[in-house]
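Just so you know, the protein sequences line up as chains A and B, in that order.
Numbering-wise (our numbering), the first sequence opens with residue 115 and increments by one.
Numbering-wise (our numbering), the second sequence opens with residue 5 and increments by one.
Take the hints with a grain of salt, since some may be wrong.
[Unchecked claim] In silico negatives: residues of chain A with every beta carbon more than 10 Å from chain B: (1) M115; (2) V120; (3) L172; (4) L176; (5) T178; (6) P179; (7) G191; (8) L193; (9) V212; (10) N213; (11) R218.
[Claimed, not checked] If you want a taste of the chain B side facing chain A, the calculated C-beta under 10 Å gives, among others: (12) Q81; (13) P107; (14) S110; (15) L111; (16) G112; (17) M113; (18) L116.
Everything labelled a hint here was simulated from the structure, so no lab data went into it.
Since the structure is predicted, the reported quantities are computational estimates derived from the model, not experimental observations.
Ideal placement from N, C-alpha and C gives every residue a C-beta, glycine not left out.
For reference, the chains in residue letters:
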Amino acid sequence: MTREQVVLEDVTRVAGVKSALLVSADDGLVVAESSIEGQEVDAAAAFSSRLAQRLAVLTRTLKTPPMSVLLLQATLGQLFVVSGADGLLLVAVTSNDVNIGEVRLALLDAAGRLH
Amino acid sequence: MRAIEPWVEQPLSTFVTEAQVRVALLMTSSGQVVAQHGFTRSLDVMTAAALGAGIVASTRALAAETAAGGFGAVVHQGGKLGVYLAPFEMPGAQWIGLAVFGPDTSLGMVQLFFGRLIEDLAKTAPRSAPAREVLPETFEDDLNSSLRALFGR
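Produce the complete structure using the sequences and hints provided.
Written out as structure tokens, the structure is:
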């Protein structure tokens, strides 16, 4: 098991996390993943990358600091995106009843360990 | 957008919109154009179809030579534009999809929606239509008639 997968597995141990992904920020491709069986991760990776890119344009336009955590809440779940090192994004797909603070901390901790 | 087969238009249009690609081309494995979006000159379509079919044939031969079992998509990413080229199975034939995309989308998005395009095409393909055999000796005539239909000339 690679170092990246070990770090991602720690994120998926948080209750309610369905998938933790390391995604190429430019391409939206999955670099490493840890998921509950049967989870579709390609779509989450592709959309996370596009969302992060669009948000980066927005923050530059508004002259505000770049995003630290992006949270997208939907009807059936939530998507967390954190900037990682070397042009990578850390992404978590969770259910709606997850502890947001816990997931946020787990992702920021994982991003720090991958630096 | 122009298409030889009308049922291809909606899935291809959805793909172009969702994946935000600049150019899209669907062709058979022999280079016969089925539908195109974004090309303005027939020569460009002809060249892209011939090159795309050639690249897929070359990679297939390379896969056979190296006992790799087969390759999937071929992606070339440049500084400003990327090219996504992938063969896929349709009832009775192998087709090839070619998409040119810029920085306004990503490879992940193109790959994701290309997968959906294949699913949509498989769903909308007429079930009763007989598989059309592509004969090498009629290739040029077929290509020219396809181009006339695609560009209305």
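Here is how each hint holds up against the structure:
Residue-level check passed: M115 of chain A sits 24 Å from the nearest beta carbon of chain B, beyond 10 Å. The claim that V120 of chain A lies off the interface holds: its Cβ sits roughly 24 Å from the closest Cβ of chain B, which is beyond the 10 Å cut-off. The non-interface label for L172 of chain A is consistent with chain B: the shortest C-beta to C-beta separation is roughly 15 Å, beyond 10 Å. L176 of chain A, annotated as away from the interface, keeps every beta carbon of chain B farther than 10 Å; the closest lies near 20 Å.
Residue placement check: T178 of chain A keeps its beta carbon more than 10 Å from all beta carbons of chain B (closest about 22 Å). At the 10 Å boundary, the C-beta of P179 of chain A stays outside the reach of chain B, the nearest C-beta of that chain being 23 Å off. Interface exclusion of G191 of chain A from chain B stands, the closest Cβ pair being 18 Å apart, more than 10 Å. Listed as outside the interface, L193 of chain A is consistent with that label: its C-beta sits roughly 14 Å from the nearest C-beta of chain B, beyond the 10 Å cut-off.
Distance to chain B confirms V212 of chain A as a non-interface residue, since its nearest Cβ pair spans about 24 Å, more than 10 Å. Every CB of chain B is more than 10 Å from the CB of N213 of chain A (nearest about 28 Å), matching its label as outside the interface. The beta carbon of R218 of chain A is kept farther than 10 Å from every beta carbon of chain B, the shortest such distance being approximately 24 Å. Look at Q81 of chain B: its Cβ gets to within about 8 Å of chain A, closer than 10 Å, so that hint holds up.
Using the Cβ-Cβ criterion of 10 Å, the hint placing P107 of chain B at the interface with chain A is satisfied: the shortest such distance is roughly 9 Å. Because the smallest distance between the Cβ of S110 of chain B and any Cβ of chain A comes to about 4 Å, under 10 Å, the interface hint for this residue holds. With its C-beta approaching chain A no nearer than about 4 Å, L111 of chain B sits inside the 10 Å limit, and its interface hint holds. For G112 of chain B, the shortest C-beta to C-beta distance to chain A is roughly 2 Å, which falls under 10 Å, so the interface hint holds.
Hint status for M113 of chain B: holds, given a least beta-carbon distance of 5 Å to chain A, under 10 Å. A hinted interface residue such as L116 of chain B counts as satisfied when its beta carbon comes closer than 10 Å to some beta carbon of chain A; here the least separation is about 4 Å, so the hint holds.
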